[in-house]
Amino acid sequence: EVQLVESGGGLVQPGGSLRLSCAASGFTFSSYWIHWVRQTPGKGLVWVSRIKGDGINTNYADSVKGRFTISRDNAKNTVYLQMNSLRAEDTAVYYCARGAYGLYYIDSWGQGTLVTVSS
Amino acid sequence: QFALTQPASVSGSPGQSITISCSGTSSDVGAYNYVSWYQQHPGKAPKVMIYDVSNRPSGVSNRFSGSKSGHTASLTISGLQAEDETDYYCSSYTTSSTYVFGTGTKVTVL
Numbered sequence: 026e027v028q029l030v031e032s033g034g035g036l037v038q039p040g041g042s043l044r045l046s047c048a049a050s051g052f053t054f055s056s057y058w059i060h061w062v063r064q065t066p067g068k069g070l071v072w073v074s075r076i077k078g079d080g081i082n083t084n085y086a087d088s089v090k091g092r093f094t095i096s097r098d099n100a101k102n103t104v105y106l107q108m109n110s111l112r113a114e115d116t117a118v119y120y121c122a123r124g125a126y127g128l129y130y131i132d133s134w135g136q137g138t139l140v141t142v143s144s
Numbered sequence: 055q056f057a058l059t060q061p062a063s064v065s066g067s068p069g070q071s072i073t074i075s076c077s078g079t080s081s082d083v084g085a086y087n088y089v090s091w092y093q094q095h096p097g098k099a100p101k102v103m104i105y106d107v108s109n110r111p112s113g114v115s116n117r118f119s120g121s122k123s124g125h126t127a128s129l130t131i132s133g134l135q136a137e138d139e140t141d142y143y144c145s146s147y148t149t150s151s152t153y154v155f156g157t158g159t160k161v162t163v164l
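Protein sequences appear in the order of chains Z and X. Converting from the first sequence to our numbering requires adding 25 to each position, the first position being numbered 1. Converting from the second sequence to our numbering requires adding 54 to each position, the first position being numbered 1.
Certain hints may be false.
[Claimed, not checked] Below 25 Å or equal to it, Euclidean Cα-Cα: the simulated DSS-like pairs (lysine-lysine) are:
| no. | chain 1 | residue 1 | chain 2 | residue 2 |
| --- | --- | --- | --- | --- |
| 1 | Z | Lys68 | X | Lys101 |
| 2 | X | Lys160 | Z | Lys77 |
| 3 | X | Lys160 | X | Lys98 |
[To be verified] Pair by pair, the computed Cβ-Cβ distance ranges are:
| no. | chain 1 | residue 1 | chain 2 | residue 2 | range |
| --- | --- | --- | --- | --- | --- |
| 4 | X | Ala85 | Z | Ser144 | 18 to 24 Å |
| 5 | X | Lys98 | Z | Ser50 | 18 to 24 Å |
| 6 | X | Thr79 | Z | Gln107 | 28 to 34 Å |
| 7 | Z | Gly40 | X | Ser67 | 49 to 55 Å |
| 8 | X | Tyr86 | Z | Glu26 | 29 to 35 Å |
Hints are computed from structural coordinates only; laboratory data are not their basis. All C-beta atoms, glycine included, are put in the ideal place defined by N, C-alpha and C.
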């Protein structure tokens, strides 16, 4: 069974940093793109970033480019999202999600971790 | 990158069919046949219902179908049931190698 478990969320002040982790199991981790998608409570889904299985190729939404960095450790089956220069508008539930193999959609999601940016 | 445009709400009676539109641009919906649709119940993670415009993953009811014309994709739910009442989001791969979601549609079963 595919499992994605996020951790690292919490309360952080504007301008601060936070690192989210996504621990994966139940599949050949290094073969899959992993995405981060966020959702402000009561609002819509917003795609944030993705990283290829080899850890070399990454993409970011314009709203986080230059502030967020995605990385992965295939030995630990874990993806990270380093978030710097956080703003109030980054407040959201952050979902880790798996890209379907060889296709262009998300086929599995974690349960999410809440990030709150507030003073 | 602007969100794809969906109607805020769509409603229908049990047994009826409804269609949710998803309007994009030549850089996303109009560029590729990589549109997917997700269902999300309150407090839950999304679930894919349609991928590559019109393909249904294993286990998804055949009451759900998808199509696309130009820059607009559509999700149709046939034989509407009470359990279909929730939020739906479209998504598209883009020419910038990123993804974009729609604004979301709340489906109400009258």
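Do the hints match the structure? See the list:
With a C-alpha separation of about 17 Å, the suggested pairing of lysine 68 of chain Z with lysine 101 of chain X holds against the 25 Å cut-off. Restraint check for lysine 160 of chain X and lysine 77 of chain Z: the C-alpha separation of about 32 Å exceeds 25 Å, so the hint is violated. Note on lysine 160 of chain X and lysine 98 of chain X: the hinted pairing holds, with a Cα-Cα distance of about 15 Å set against a maximum of 25 Å. Evaluation of the 18 to 24 Å hint for alanine 85 of chain X and serine 144 of chain Z yields a failure: the beta carbon distance comes to about 41 Å.
Judged by the Cβ atoms, the range 18 to 24 Å given for lysine 98 of chain X and serine 50 of chain Z holds: they are separated by roughly 20 Å. Separation of threonine 79 of chain X from glutamine 107 of chain Z is about 31 Å and conforms to the stated range, judged on CB atoms against 28 to 34 Å. Hint check: glycine 40 of chain Z to serine 67 of chain X, Cβ distance near 51 Å, so the stated range 49 to 55 Å holds. Checked against the hint of 29 to 35 Å, the pair tyrosine 86 of chain X and glutamate 26 of chain Z passes, with Cβ atoms roughly 31 Å apart.
Hint compliance for this structure: hints 2 and 4 are not met, and every other hint is.
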